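**Q** Start from the sequences, fold in the hints, and give me the full structure.
Chains as they are written, first to last, in the working numbering: chain F, 1 to 219; chain E, 1001 to 1219; chain C, 2001 to 2219.
These are calculated hints, taken from the structure and not from any lab test.
Any given hint might turn out to be false.
[Said to hold, decoys possible] Going by beta-carbon spacing under 7 angstroms, a handful of chain C positions derived as facing chain E: (1) L2063; (2) M2067; (3) L2073; (4) L2147.
[As the list claims (entries may be wrong)] Residues of chain C placed beyond 10 angstroms of chain F at every Cβ, according to the derived structure: (5) L2010; (6) L2058; (7) F2090; (8) L2093; (9) P2095; (10) G2099; (11) V2103; (12) M2172; (13) S2175; (14) T2180; (15) L2188; (16) V2192; (17) F2200.
[Said to hold, decoys possible] Far from chain E, by Cβ distances over 10 angstroms, these chain F residues were calculated: (18) L14; (19) A68; (20) A78; (21) V87; (22) R88; (23) L96; (24) V103; (25) N146; (26) V177; (27) L195.
These numbers were taken from a predicted model, which means no experiment stands behind them.
Here a beta-carbon is modelled for each residue, glycine too, at the ideal position from N, C-alpha and C.
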Amino acid sequence: MSVTPFVIPLWLDLTAVAVGAIQGAMFSARMKDRRIDLLGIAIIGVVVGLGGGLLRDLLINQLPAAMASNWYLPVATAFALIGMALVRLFDKLNPLIIGLDAVTIGLFAAIGVTKALAYGVPEVPAAFVGVLSAVGGSILRDMMLNLPIALMHVGSLYAVAAGVGCTLLVIMASSGVQITLAGIICVLVVTVIRLLAVRFGWSLPEQRAIASWPRWRRA
Amino acid sequence: MSVTPFVIPLWLDLTAVAVGAIQGAMFSARMKDRRIDLLGIAIIGVVVGLGGGLLRDLLINQLPAAMASNWYLPVATAFALIGMALVRLFDKLNPLIIGLDAVTIGLFAAIGVTKALAYGVPEVPAAFVGVLSAVGGSILRDMMLNLPIALMHVGSLYAVAAGVGCTLLVIMASSGVQITLAGIICVLVVTVIRLLAVRFGWSLPEQRAIASWPRWRRA
Amino acid sequence: MSVTPFVIPLWLDLTAVAVGAIQGAMFSARMKDRRIDLLGIAIIGVVVGLGGGLLRDLLINQLPAAMASNWYLPVATAFALIGMALVRLFDKLNPLIIGLDAVTIGLFAAIGVTKALAYGVPEVPAAFVGVLSAVGGSILRDMMLNLPIALMHVGSLYAVAAGVGCTLLVIMASSGVQITLAGIICVLVVTVIRLLAVRFGWSLPEQRAIASWPRWRRA
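**A** The following block contains the structure:
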């Protein structure tokens, strides 16, 4: 299967990075009990904005995109600082941020899957690369802030949304669906699942709940 | 020195991954005080099963094995879920799991050393790659679960067993010993040291104990 | 822009690694409340000595220097053990260690920037690679010891010193300044800023201080 990456314009890619950086900075700026200085907030913003793409390119053994262009780092840094400075304003715009973030996860997922396929990675690991592109920034953020990784605790189906979208994209790409169309469908699916999960408070069954589910234990 | 990797059949490699995934899932399923959902347990299983090989391939700058085949990720995920579902059964089989795990460490160590040598890495770093292949999964697990890294605290000689086996393997490979034979000896040595360490409760001298060892301080 | 790396003699590079390893071991040896064994201290020493270079080479997708030579790992391990054994002696030499460490940060920064430029990384990410080379060891140390990352909390301008030096080096390299001269200036600038920061207790404005700085909020 030969797949060309789902190419998105640079400005759209940088918008996704900027949204991630704003989110990361807002997240760390809210940790009032810790003494994080300006540099720390900028670092977290950069990590959330660029971390997913970095993990993606490490996994597929390619030069990270952020290392191949002069644009990514300044954009991530600038929007991290903006996010910190305007944290009160952005708090009021929270629904907008959540919406943009859902689209951003979808974009990172679609770019990750198609880039992996384009470099010859088989279907299953390609879908994994897509999921890690989407959620890697928040994993790195939690590890650097010394927090429990949000993703692994009862949460709002972040990774599952990305997983469904990436699986769908791999199936479509293998079935010969035109890659731009497949990518757009992936972005839409991830966005909708994520927004529905936020709206209805969906979460995965918790481990303890299952452990006390008698029929399942007997199986 | 030209070394062909210590090739083991795919089913044996996947068995090692499966044992790691079961162990990782059992470990995180026991953390009752934390709210880890199904996804979190699956992630830890995948990390323990595939983490060592991933760090190995990042260090030697090659496409990770798990990214080059459709088999690794599903096997790791499936056995992580099995490990979680059957945690009570596996608890009863604990001696068997410890035995399999000791062999698994040996296999990862032998594969790591010979793969590194095969890609032109010199002897000393090749032995290091072998050790990291063996223990990398548990390091990543502890970092992701926000725990102190077990390896660095007074423990049961996990890394030392791998270190002795990897050093021996590098010496044998440099001396022209046939690589399959050298690999098997490495696996045996690691397994035996690890099992003896568990049996007799061996551990490295603790830092404070040494600090209060007067003759040593005078040296 | 074609840049040859700022080549320093192997003994000087290894000296920088040794200083890092001593510092890392001293740092972890002082954590008396934790039960860290000899292996743990050696690991932290190796991580601080080699971590920056490792992150640098991962970012620019090259085989890590420590994997390409038999010298780095033994030097880092030996000096980590020496640092642990002689922690009292080195405590008395603290000003010397701080001075050597400042030079070491400068060296890692200069090597990181020029190596990145030499492999075709553009100016902005090349400066970033230089900063990460300088501070990466201490970030990895804090993540492995499960500590808040010192760099992100109100501290002593570690990363800013490296940032100024790396930016300057990139500008000089782009302006055609001879690379050895540019590298030496970078090392000097980083060293001087770092030592002045230690001497006068400089730190970045804290997040909370800024949040309560009325004029800035109005801007």
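**Q** All hints are to be evaluated individually against the structure, with a verdict given for each.
**A** Hint by hint, here is what the structure shows:
Restraint check, L2063(C) versus chain E: the minimum CB separation of about 5 angstroms is within 7 angstroms; hint holds. Proximity of M2067(C) to chain E holds as hinted, the smallest CB-CB distance being about 5 angstroms (cut-off 7 angstroms). The restraint placing L2073(C) at the interface with chain E holds, with a minimum CB-CB distance near 5 angstroms, inside the 7 angstroms limit. With a cut of 7 angstroms, the hint placing L2147(C) at the interface with chain E is violated, because the nearest CB-to-CB distance is about 10 angstroms.
A cut-off of 10 angstroms between C-beta atoms confirms that L2010(C) is not in contact with chain F; the least separation is 26 angstroms. Listed as outside the interface, L2058(C) is inconsistent with that label: its C-beta sits roughly 6 angstroms from the nearest C-beta of chain F, within the 10 angstroms cut-off. Every C-beta of chain F lies more than 10 angstroms from that of F2090(C), the closest at about 28 angstroms, which supports listing it as non-interface. Residue-level check passed: L2093(C) sits 29 angstroms from the nearest beta carbon of chain F, beyond 10 angstroms.
For P2095(C), the shortest C-beta to C-beta distance to chain F comes to about 25 angstroms, beyond the 10 angstroms cut-off, and the non-interface label holds. Under the 10 angstroms C-beta cut-off, the non-interface status given to G2099(C) relative to chain F holds; the minimum distance is some 23 angstroms. For V2103(C), the condition that its CB be more than 10 angstroms from all CB atoms of chain F holds, with the nearest at approximately 22 angstroms. The Cβ of M2172(C) sits about 17 angstroms from the closest Cβ of chain F, beyond the 10 angstroms cut-off, so the non-interface label holds.
Every C-beta of chain F lies more than 10 angstroms from that of S2175(C), the closest at about 17 angstroms, which supports listing it as non-interface. Even its closest Cβ contact with chain F, about 24 angstroms, leaves T2180(C) beyond 10 angstroms, as expected for a residue assigned away from the interface. No beta-carbon of chain F comes within 10 angstroms of the beta-carbon of L2188(C); the shortest separation is about 22 angstroms. Residue-level check passed: V2192(C) sits 19 angstroms from the nearest beta carbon of chain F, beyond 10 angstroms.
The beta carbon of F2200(C) is kept farther than 10 angstroms from every beta carbon of chain F, the shortest such distance being approximately 17 angstroms. Chain E leaves L14(F) outside its interface by the beta-carbon criterion, the shortest separation being 27 angstroms against a cut-off of 10 angstroms. The beta carbon of A68(F) sits about 17 angstroms from the closest Cβ of chain E, which is more than 10 angstroms, so the claim that it is off the interface holds. Every C-beta of chain E lies more than 10 angstroms from that of A78(F), the closest at about 30 angstroms, which supports listing it as non-interface.
Distance check on V87(F): its Cβ is at least 25 angstroms (rounded) from any Cβ of chain E, clearing the 10 angstroms threshold; non-interface status holds. With a minimum CB-CB distance of about 30 angstroms to chain E, R88(F) clears the 10 angstroms threshold, and the non-interface call stands. With a closest Cβ-Cβ approach of about 27 angstroms to chain E, L96(F) is found to remain outside the 10 angstroms limit, as its non-interface label requires. Here V103(F) stays apart from chain E, with its beta-carbon at least about 22 angstroms from theirs, past the 10 angstroms limit.
Not every beta carbon of chain E lies more than 10 angstroms from that of N146(F), the smallest distance being close to 7 angstroms; the non-interface claim is violated. For V177(F), the non-interface assignment is confirmed: its Cβ lies about 20 angstroms from the closest Cβ of chain E, beyond the 10 angstroms cut-off. Taking the minimum C-beta to C-beta distance to chain E, about 19 angstroms, the non-interface status of L195(F) holds against the 10 angstroms cut.
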